[in-house]
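Go ahead and model the full structure; you've got the sequences and the hints to work with.
Just so you know, the sequences run in chain order C and F. If you want my numbering, it's the position in the first sequence, counting the first as 1, plus 37. If you want my numbering, it's the position in the second sequence, counting the first as 1, plus 37.
There may be inaccurate statements among the hints.
Heads up, the list lumps identical chains together, so a pair's fine if it works in one copy or across two of them.
As the list claims (entries may be wrong) - Restricting the straight-line Cα-Cα distance to at most 25 Å, the calculated cross-link-like pairs of lysine-lysine (PhoX-like) are: (1) Lys139 <-> Lys275; (2) Lys252 <-> Lys337; (3) Lys252 <-> Lys275; (4) Lys337 <-> Lys139; (5) Lys134 <-> Lys275.
The set of hints was computed from the structure by calculation and includes no laboratory data.
2 protein chains.
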Amino acid sequence: MKKSDIQELRRLIGEENVHDDRPHQLAYSYDATRDHYEPEAVLFPRNEEDVSKVLRYCNERRIPVVPRGAGSGFTGGALPIRGGVVLALERHMNRIKEIDLKNMVAVVEPGVINKELQREVERHGLFYPPDPASQEYSTIGGNVAENAGGMRAAKYGITKDYVMALRAVLPNGEIIRAGKRTIKDVAGYNLAGILVGSEGTLAVITEITLRLLSKPRLTKTVMGVFPTVGEAMNAVYKSLAGGANPVAMEFLDNLTIRAVEEKFHKGLPVDAGAILISDIDGNVEEEIDYQIALLERFFKENGATQFHIARNSREAADIWFARRNASQSITIYGSKKINEDVTVPRSELPRYLEEVERIAQKYRVTIPCFGHTGDGNVHTNVMVDGENREEVERGYKAIEEIFRVTIDLGGTLSGEHGIGLSKAPFMKMAFTEGELELFRRIKAAFDPNNILNPGKMGL
Amino acid sequence: MKKSDIQELRRLIGEENVHDDRPHQLAYSYDATRDHYEPEAVLFPRNEEDVSKVLRYCNERRIPVVPRGAGSGFTGGALPIRGGVVLALERHMNRIKEIDLKNMVAVVEPGVINKELQREVERHGLFYPPDPASQEYSTIGGNVAENAGGMRAAKYGITKDYVMALRAVLPNGEIIRAGKRTIKDVAGYNLAGILVGSEGTLAVITEITLRLLSKPRLTKTVMGVFPTVGEAMNAVYKSLAGGANPVAMEFLDNLTIRAVEEKFHKGLPVDAGAILISDIDGNVEEEIDYQIALLERFFKENGATQFHIARNSREAADIWFARRNASQSITIYGSKKINEDVTVPRSELPRYLEEVERIAQKYRVTIPCFGHTGDGNVHTNVMVDGENREEVERGYKAIEEIFRVTIDLGGTLSGEHGIGLSKAPFMKMAFTEGELELFRRIKAAFDPNNILNPGKMGL
Numbered sequence: 038m039k040k041s042d043i044q045e046l047r048r049l050i051g052e053e054n055v056h057d058d059r060p061h062q063l064a065y066s067y068d069a070t071r072d073h074y075e076p077e078a079v080l081f082p083r084n085e086e087d088v089s090k091v092l093r094y095c096n097e098r099r100i101p102v103v104p105r106g107a108g109s110g111f112t113g114g115a116l117p118i119r120g121g122v123v124l125a126l127e128r129h130m131n132r133i134k135e136i137d138l139k140n141m142v143a144v145v146e147p148g149v150i151n152k153e154l155q156r157e158v159e160r161h162g163l164f165y166p167p168d169p170a171s172q173e174y175s176t177i178g179g180n181v182a183e184n185a186g187g188m189r190a191a192k193y194g195i196t197k198d199y200v201m202a203l204r205a206v207l208p209n210g211e212i213i214r215a216g217k218r219t220i221k222d223v224a225g226y227n228l229a230g231i232l233v234g235s236e237g238t239l240a241v242i243t244e245i246t247l248r249l250l251s252k253p254r255l256t257k258t259v260m261g262v263f264p265t266v267g268e269a270m271n272a273v274y275k276s277l278a279g280g281a282n283p284v285a286m287e288f289l290d291n292l293t294i295r296a297v298e299e300k301f302h303k304g305l306p307v308d309a310g311a312i313l314i315s316d317i318d319g320n321v322e323e324e325i326d327y328q329i330a331l332l333e334r335f336f337k338e339n340g341a342t343q344f345h346i347a348r349n350s351r352e353a354a355d356i357w358f359a360r361r362n363a364s365q366s367i368t369i370y371g372s373k374k375i376n377e378d379v380t381v382p383r384s385e386l387p388r389y390l391e392e393v394e395r396i397a398q399k400y401r402v403t404i405p406c407f408g409h410t411g412d413g414n415v416h417t418n419v420m421v422d423g424e425n426r427e428e429v430e431r432g433y434k435a436i437e438e439i440f441r442v443t444i445d446l447g448g449t450l451s452g453e454h455g456i457g458l459s460k461a462p463f464m465k466m467a468f469t470e471g472e473l474e475l476f477r478r479i480k481a482a483f484d485p486n487n488i489l490n491p492g493k494m495g496l
Numbered sequence: 038m039k040k041s042d043i044q045e046l047r048r049l050i051g052e053e054n055v056h057d058d059r060p061h062q063l064a065y066s067y068d069a070t071r072d073h074y075e076p077e078a079v080l081f082p083r084n085e086e087d088v089s090k091v092l093r094y095c096n097e098r099r100i101p102v103v104p105r106g107a108g109s110g111f112t113g114g115a116l117p118i119r120g121g122v123v124l125a126l127e128r129h130m131n132r133i134k135e136i137d138l139k140n141m142v143a144v145v146e147p148g149v150i151n152k153e154l155q156r157e158v159e160r161h162g163l164f165y166p167p168d169p170a171s172q173e174y175s176t177i178g179g180n181v182a183e184n185a186g187g188m189r190a191a192k193y194g195i196t197k198d199y200v201m202a203l204r205a206v207l208p209n210g211e212i213i214r215a216g217k218r219t220i221k222d223v224a225g226y227n228l229a230g231i232l233v234g235s236e237g238t239l240a241v242i243t244e245i246t247l248r249l250l251s252k253p254r255l256t257k258t259v260m261g262v263f264p265t266v267g268e269a270m271n272a273v274y275k276s277l278a279g280g281a282n283p284v285a286m287e288f289l290d291n292l293t294i295r296a297v298e299e300k301f302h303k304g305l306p307v308d309a310g311a312i313l314i315s316d317i318d319g320n321v322e323e324e325i326d327y328q329i330a331l332l333e334r335f336f337k338e339n340g341a342t343q344f345h346i347a348r349n350s351r352e353a354a355d356i357w358f359a360r361r362n363a364s365q366s367i368t369i370y371g372s373k374k375i376n377e378d379v380t381v382p383r384s385e386l387p388r389y390l391e392e393v394e395r396i397a398q399k400y401r402v403t404i405p406c407f408g409h410t411g412d413g414n415v416h417t418n419v420m421v422d423g424e425n426r427e428e429v430e431r432g433y434k435a436i437e438e439i440f441r442v443t444i445d446l447g448g449t450l451s452g453e454h455g456i457g458l459s460k461a462p463f464m465k466m467a468f469t470e471g472e473l474e475l476f477r478r479i480k481a482a483f484d485p486n487n488i489l490n491p492g493k494m495g496l
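So this is what it looks like as structure tokens:
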């Protein structure tokens with residue numbers, strides 16, 4: 038970028054919204070991967086028109102543009118690896134524009150924080166289910182760009198299941214609308230369908246219309262303790278196949294249980310092979326009881342030695358404590374965490390965890406696992422000593438083998454975090470050359486000059 | 038096509054699977070629109086490999102290929118308007134390949150009949166919700182190509198909400214896979230998302246993996262009678278916004294009620310402005326009662342003069358009789374039906390139906406309406422005397438104005454039937470030139486030679 042580009046961008050969207058000073062370049066050079074790439078300028082568009090102006094300008098001059106929400110992504114999706122500008126949408130474009138109670142939709146700008154939206158709609162008795170672990174700080178725009186999941190996916194699905202309509206700006210500055218405020222809309226190609234999860238590589242999303250549900254009136258929490266992780270994984274898929282419909286079906290393996298216990302001394306069953314934690318929701322007690330009875334039956338039939346039902350919200354919080362603190366606790370196993378979010382068909386969970394154990398032994402690394410087993414999504418954490426280069430290398434080899442096992446079991450490289458930069462090298466493992474070529478052609482259909490988040494997704 | 042093309046296609050997929058005789062050309066020249074375009078040849082591929090061979094061959098020679106399921110579409114999507122070959126998938130590629138009880142998915146070939154799949158999964162206690170009115174004969178492949186809806190959409194969504202993974206063949210013969218047997222999969226672009234509803238213009242779908250649910254154990258049917266259609270439409274959106282979650286929320290207007298009564302003498306309330314019919318499902322009686330109490334409250338608060346709860350399945354069938362026979366009964370108003378499936382945000386239903394009444398008067402045509410109001414989808418039927426050219430013309434003018442009103446109210450040209458041929462002229466009303474240009478570029482990314490279902494969707 039030239040100095041004149043900065044000047045022109047300032048003219049286009051206002052002096053105070055274009056920054057090329059060192060502090061801004063540094064502040065917008067990171068995301069949750071801790072990788073580091075500096076943008077040449079950081080832009081704070083005020084509205085869709087600003088986004089359009091910036092894109093048209095940058096497209097003509099082939100300046101890379103990287104849209105960014107909270108920068109909380111785990112795969113480098115928001116990193117400006119080829120310089121250019123970061124389009125920071127969280128500063129000004131962060132309004133909940135409308136909560137339409139009549140049609141049960143919310144219309145938001147991309148910079149709205151997920152949890153803020155959840156809280157706001159719940160005040161009206163409504164419910165926005167997608168709840169990524171980053172919900173307190175990640176933005177809806179980022180959630181849409183990465184097609185974020187969360188704990189409630191087993192029952193309620195993921196971000197794509199709630200996106201009814203989008204407004205977005207193409208690299209040429211053209212504003213497009215996709216979808217309607219209706220469940221049914223089959224006119225034209227499903228642009229919203231392909232923009233969700235496109236990691237900022239196709240268009241800059243400027244407005245999102247989300248489907249809302251009625252908030253269920255009741256929730257209960259249960260926990261099962263299992264001697265082995267295999268039995269717990271059997272209980273997961275057999276419960277769901279047997280008619281249970283829990284909101285969440287979370288799991289901690291023995292390594293994770295022990296880590297949380299070591300850190301917090303909560304009296305957890307440190308000899309257990311695994312714990313399953315599940316939330317059930319509904320509108321009437323009898324429905325909750327019906328669901329709990331199903332879980333109790335399938336848990337016990339599959340080896341559960343204990344089954345607890347939280348009697349109140351304090352007990353529920355106690356049960357959830359271990360899961361909520363899993364991620365930070367496992368740092369006892371190593372200063373560096375290589376955290377993957379692979380997902381396999383639920384029935385393959387027992388096989389998958391056996392393989393992870395084998396791989397841990399083979400590469401002499403510790404791999405605590407926990408996560409959203411209700412949808413087959415296991416957070417697989419290879420813990421290594423960050424100072425020990427040889428161990429870190431073994432860790433990455435373990436990850437590669439984990440990816441291979443995942444693909445062989447019919448699973449995916451990423452259930453939640455996207456591909457971005459960090460999983461890009463593995464795209465060839467998961468996709469054929471023909472599929473990758475199609476991705477490139479789709480990319481070019483939206484972004485012929487490859488200015489939008491270039492170099493991501495292995496394209 | 039030359040004679041040598043037929044010979045080569047015969048060599049590729051077998052003598053008995055390639056037909057260029059008159060009976061075949063005629064048999065595959067129609068769909069539910071009753072428009073008529075003859076293909077040069079009709080092909081019955083036996084498997085994905087056959088599809089790949091045919092596409093590669095036709096792509097090299099620029100021969101149009103039109104994939105076809107049951108030919109039950111309402112917009113001409115399966116009509117070979119530029120000749121070439123019809124790829125008839127219902128003959129050989131009609132197997133349910135797998136019902137995976139562990140992961141609750143079904144894997145099917147495109148030619149499987151929707152209802153056949155529903156019946157088969159229900160035998161295992163599972164449930165495939167999308168239920169287009171054509172369910173007894175339309176194919177899953179066609180349902181995916183058109184993103185079919187149905188009555189259960191208000192609670193359970195539409196076809197796209199059940200497609201977890203696809204296999205498809207690109208025009209160059211390349212086989213692509215999209216999605217996984219997992220709820221979460223965010224690796225690469227969401228190809229399944231854009232293939233759903235693409236009306237056979239991007240790729241030929243050869244295998245579909247569908248998400249299944251547990252079959253709810255109980256269902257009840259209720260009916261409300263309203264003095265005016267406006268009150269009924271208020272009851273629809275207020276019930277849903279108020280926490281009711283009915284499977285279906287169907288409506289009949291006064292013209293439709295009278296038509297059914299005239300034909301079948303069932304004792305329907307012929308003076309009513311509208312009837313609402315709703316199914317409630319769940320696993321426990323108390324949940325059903327809770328939902329029915331909500332509906333009763335919102336129906337009565339919005340003017341319902343009667344509220345019936347079916348006491349058994351015979352009474353439920355009686356209530357549903359009027360709705361099920363609506364489509365055939367309204368033919369009393371005219372020999373030709375111009376049937377549109379416009380959809381508006383639910384809160385706009387009262388306004389929409391007022392406008393339809395105004396348009397009916399303006400163009401001196403009869404427009405009975407019924408349909409899936411739970412998701413804002415109103416089947417709007419302009420009935421005219423097919424022999425009276427001037428009246429038919431007025432009918433089409435009315436339709437055009439109905440489309441304009443729909444778009445103005447934030448609705449869509451098509452909630453269920455797609456664009457195909459018959460709605461293609463209205464694409465410019467619904468989309469900007471920039472959006473249409475993007476559609477064309479996406480089409481070219483998949484199908485650079487424009488051989489797949491060319492000339493459809495107004496592209």
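Taking the hints in turn, this is what the structure says about them:
In this homomeric assembly, Lys139 and Lys275 come within 25 Å of each other (Cα to Cα) only across copies, at 7 Å, whereas the closest approach inside a single copy is 39 Å. With identical chains, the CA atoms of Lys252 and Lys337 are at most 25 Å apart between copies only, with a shortest distance of 23 Å across copies and 30 Å within one. In this assembly of identical chains, the alpha carbons of Lys252 and Lys275 lie at most 25 Å apart only when taken from different copies (15 Å versus 27 Å within one copy). In this homomeric assembly, Lys337 and Lys139 come within 25 Å of each other (Cα to Cα) only across copies, at 18 Å, whereas the closest approach inside a single copy is 44 Å.
For the identical chains of this complex, Lys134 and Lys275 are inter-copy neighbours only, at 22 Å across copies versus 42 Å inside a copy, given an alpha-carbon limit of 25 Å.
The structure fails none of the hints (numbered hints given earlier).
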